[in-house]
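Please arrange chain B on chain A, whose structure you already have, making use of the hints.
There are 2 protein chains.
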Amino acid sequence: MATNREKTLLQRRDFLKRSTLAVGGIGVGAAGVSAALLAAEDQAEATGWPWPYAELDVELVRKRGHVYYYEGGCMYGASGGLLSVLQETVGGPWAGFPHDMMRYGGGGIAGWGTVCGSLNGACAIITLASGKAYGKITNELMAWYGTTAFPSEAANRYAANHEYLVEKYKTDAVLPTTISGSPLCHVSVNTWCRETGFASGSPQRAERCARLTGDVAAKAAELLNAFARGTLVTGEFEQSECSSCHFMGENFESGQFIIGKGTNCTDCHGADPHGEIELPGSA
Amino acid sequence: MATNREKTLLQRRDFLKRSTLAVGGIGVGAAGVSAALLAAEDQAEATGWPWPYAELDVELVRKRGHVYYYEGGCMYGASGGLLSVLQETVGGPWAGFPHDMMRYGGGGIAGWGTVCGSLNGACAIITLASGKAYGKITNELMAWYGTTAFPSEAANRYAANHEYLVEKYKTDAVLPTTISGSPLCHVSVNTWCRETGFASGSPQRAERCARLTGDVAAKAAELLNAFARGTLVTGEFEQSECSSCHFMGENFESGQFIIGKGTNCTDCHGADPHGEIELPGSA
Chain A
0 MATNREKTLL QRRDFLKRST LAVGGIGVGA AGVSAALLAA EDQAEATGWP
50 WPYAELDVEL VRKRGHVYYY EGGCMYGASG GLLSVLQETV GGPWAGFPHD
100 MMRYGGGGIA GWGTVCGSLN GACAIITLAS GKAYGKITNE LMAWYGTTAF
150 PSEAANRYAA NHEYLVEKYK TDAVLPTTIS GSPLCHVSVN TWCRETGFAS
200 GSPQRAERCA RLTGDVAAKA AELLNAFARG TLVTGEFEQS ECSSCHFMGE
250 NFESGQFIIG KGTNCTDCHG ADPHGEIELP GSA
Chain B
0 MATNREKTLL QRRDFLKRST LAVGGIGVGA AGVSAALLAA EDQAEATGWP
50 WPYAELDVEL VRKRGHVYYY EGGCMYGASG GLLSVLQETV GGPWAGFPHD
100 MMRYGGGGIA GWGTVCGSLN GACAIITLAS GKAYGKITNE LMAWYGTTAF
150 PSEAANRYAA NHEYLVEKYK TDAVLPTTIS GSPLCHVSVN TWCRETGFAS
200 GSPQRAERCA RLTGDVAAKA AELLNAFARG TLVTGEFEQS ECSSCHFMGE
250 NFESGQFIIG KGTNCTDCHG ADPHGEIELP GSA
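Line by line, the protein sequences give chains A and B.
0 is the number of the first residue of the first sequence in numbering that gives the first Met the number 0; add one for each residue after it.
0 is the number of the first residue of the second sequence in numbering that gives the first Met the number 0; add one for each residue after it.
If we strip away everything but chain A, and leave its shape as in the complex, we get (with noise of 0.2 Å):
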């Protein structure tokens, strides 16, 4: 199935992650300095994954991301939050993201409302900076989004101190908060506009999810920073009772055939969406 070519560059690949560092739980080292002794061509497989990491500032990456909203909207602000003190702290193949990218995240990817870009966006670097250990931070940042008020007491603080990065601000007012419950666009912009008055096209609400970026991407860089120091404890997150039987399994008929989390799932399917349907063993 893989080609010669691409054989030898996997093995490359495994050489290079055999002599990283093993540095505070992430590897750190080799990998930015031999991209520099490597063709163009070849940069991926010097670089290897996971990327280096190094603990960030998470006060900065608030603000960072808060900015880059401004740049490019959620998913470019906060993989910007993360990737921009990256770059500083840890430098190497970080310099080389191409941040551009992720322009298209913002609105739940081109205004369709699905996953929140801040989720999407530092779930990437997540990725990018941990290895094989996404998963499990992946899952429990989305887990913490849907439980989180936002936008958080930080954001709103830097706001009206005027301690954000940006020198005209779409509003500097205190923002009351909500918890959407959801991981999506769509849910979190809804919740909070249909609980606060404001359009989802006022300066309110792009404010709302610049602080709300700054916040994803804070937590990430917490949990980043957590796993790197080998202190990262993820759990168990609060699951719809619906979750019981409707997982991802191989028993159709009692009821596996979802792919999905969360604890809000009459939000769309009703109070009782099995309606006049005899349950298993209900009989």
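Honestly, the hints are just simulated from the structure, not real lab data.
None of these values were measured; they are calculated from a predicted model.
Some hints here could point you the wrong way.
As the list makes no split between identical chains, a pair holds if one copy fits it or if it spans any two.
[Stated by the list, open to error] Calculated cross-link-like contacts (lysine-lysine; reagent style DSS-like; alpha-carbon spacing at most 30 Å):
no., residue 1, residue 2
1, K131, K169
2, K131, K167
3, K169, K135
Showing chain B alone in chain A's frame:
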């Protein structure tokens, strides 16, 4: 706001953008060559945005998307289908792309069922390859996904004839098709499973997603090829009646409190989501 170093790099990026030759509607030129001449830490600036593009073999992209799904899931698959062919066709900065980063999007990001990972991966590569036109191209892909029967006839034929690049198939059966009406993994998978009777953890469902992943990558290549030739036509697509009031706008009272697009609002919101609420003008 930007540091002096940031400003210098921004100026350098602008210079490299200006020195890029426009070929076939997408910039192709000095960027890839320059990358090898500069230090590793300046790679992002050297490669600029968009990255160079040349017409791709759509059917090869479809087959590569399928095989990369087997290796890393839907986001890794769709991006890998495009990326691997770009690496061979164009080379330059594409060879340095950190493909492993794309693993996070599987199952709608860590199994949360948000955006279909094949869309997430394809939109990332579209954005990197098309520059400022990314919005209309990704929007076209998102709209097409929701109205298309997956897996495609081509995909089912490749499986039946063992023309894919995998050695051992999850299944080589011709699979039934469904139209999801949504870019969400949760809806896409649930719709297919419910209509076909296969569980979400079944090899048939995994194979369906592998074929869909190739199909989405192939469509992205089709769109990028058309854009590169200057023949891309993007148009209006069907929107829910609800969207005549509920869109991203500045007037909260008239219903402009959402972000999102689509045809199937009532799937989640019910047939008469207004219920007893008096509508404007209905008194």
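Return the numbers of the hints above that this structure violates; sort them in rising order. none
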